[in-house]
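So the protein sequences, as listed, match chains D and V. Just so we're aligned, residue 6 is where the first sequence starts under our numbering, counting upward by one. Just so we're aligned, residue 300 is where the second sequence starts under our numbering, counting upward by one.
Calculated from the structure, these hints are not laboratory results. Hints may be right or wrong, so weigh each one.
Which residues of chain D face chain V? A partial, calculated answer using Cβ under 7 Å [unchecked claim]:
{"#": "1", "residue": "31"}
{"#": "2", "residue": "93"}
{"#": "3", "residue": "96"}
Far from chain V, some chain D residues (derived; all Cβ distances over 10 Å) [to be verified]:
{"#": "4", "residue": "7"}
{"#": "5", "residue": "26"}
{"#": "6", "residue": "38"}
{"#": "7", "residue": "52"}
{"#": "8", "residue": "78"}
{"#": "9", "residue": "100"}
Where is the CB? At the ideal position from N, CA and C, for every residue including glycine.
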Amino acid sequence: MDIRKLRFRVSGGFAGVIRGTEVDGSALDAGERRALLAHAHDGSARDSHARDAQVYAFEMDTSDGPVRIEFDDNTLPEDLAALVDRLSAASGPIKGK
Amino acid sequence: MSCCHNPIHCILPPYILDRMAESDDPKVRAIAVAAIARSASLRATRTTLAQMPAMAAIPSAVGKKERLVYDLKNRGSSFLPGTLVRREGGAKSKDPAVNEAYDYSGLTYDFYLKLFNRNSLDDRGMTLISSVHVARKYNNAFWNGEQMAYGDGDGVIFTRFTKSIDVVGHELTHGVVTHTCNLDYKNESGALNEHFADVFGSLIKQWKKKQTAAKADWLIGPDIMAPGAKAKALRTFKDEPAYTGDPYLGDDPQPKHLKDKYTGGDDSGGVHINSGIPNHAFFLVATTIGGNAWDKAGRIWYRTMLALNQKSDFNQMVSMSTQSAATLFGNNSPEHKAVIKAWKTVGF
Ligand SMILES: [Zn+2]
């Protein structure tokens, strides 16, 4: 499966701010792509007991169609942490949808 | 061959331990929970406890105010709670985050005990556990179902999250909600969960500062904003945006009227967004009644919080708070009328 486009959104957290960014699949390095594909079937993995945890959503346009996966501060897999840091730093405020 | 290191757990079957963990006797609860907690790996224990709020509440051995503050030393939340650095009655730390977590969780405990005769989050003396220095430059604080976790902020937009009484009061009130109506954390019920956390977070601050409803700032998080943020707070109960055009935060998304309710899926269906509607209603009730907001408006809202359930929505909040005002202060009393009028103003 090939990732063509990645839309990243952070929402929730105590601040309740929605921020996001969009990158081409070609802007992901091999490790980031591998980590995303490894979790492509995770769906919405959220800790139902957490309150004010930040929610990280990845929407991908792939060669197999659209894929959406979602984690929060308590469920974010370790192999996606560096990518979340990088994309969070590149994100700006966006309108909720 | 299995080897049991815990004599209590060896002797007593799990269902007895479970029942002991829910005992009214704090000593019995302490023994049972300690036995259960020691008997499994941390992750397995947390999974089990998380499914049972009554067990997740680590009871204080003495059944009164008991605080534990841990330092996570900038490691990720999977390492919670971290190293114990201050316990109840322990000496002041050199670390301001540790002292703030300790002092403000104590303040929150005192607030609920003195005003509502509530003995901690679960009303059974649950130990208040805080971890500070969570992750690196972490712009957040959260309640994980068992304890509070506070980030240091990046120093640009946010400073340490323990700095604001209303933030600490907010996080601990999530614990109170968990042990009362346990509102689902999505859509309208989730917005009510956030609403109660903001209301009591704000009331704890007003109570500490001895501010009347007229004098209070009605802001959430003003003390955690760092110099790089244009915003002076994260939320306001008033009918105005808390911030506009902030380079990091953007525009305050909170509506103050039902017609502007957010209907998208971000933020678990806008739990931190749509809380603006009931927040503003509460502000109208408190300022219309006048005096100290915790005296009357706070009592109406506390009673309402206890009466709601997991699935409660805005309409149930409106009817239950109206009913609570009538029960506490009488039908057609000024307080009852203030609640009806406030909900009408925000679109109900
Ligand atoms: Zn919250």
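Violated hints, by number in ascending order, as checked against the structure: 1, 2, 3, 7, 8 and 9
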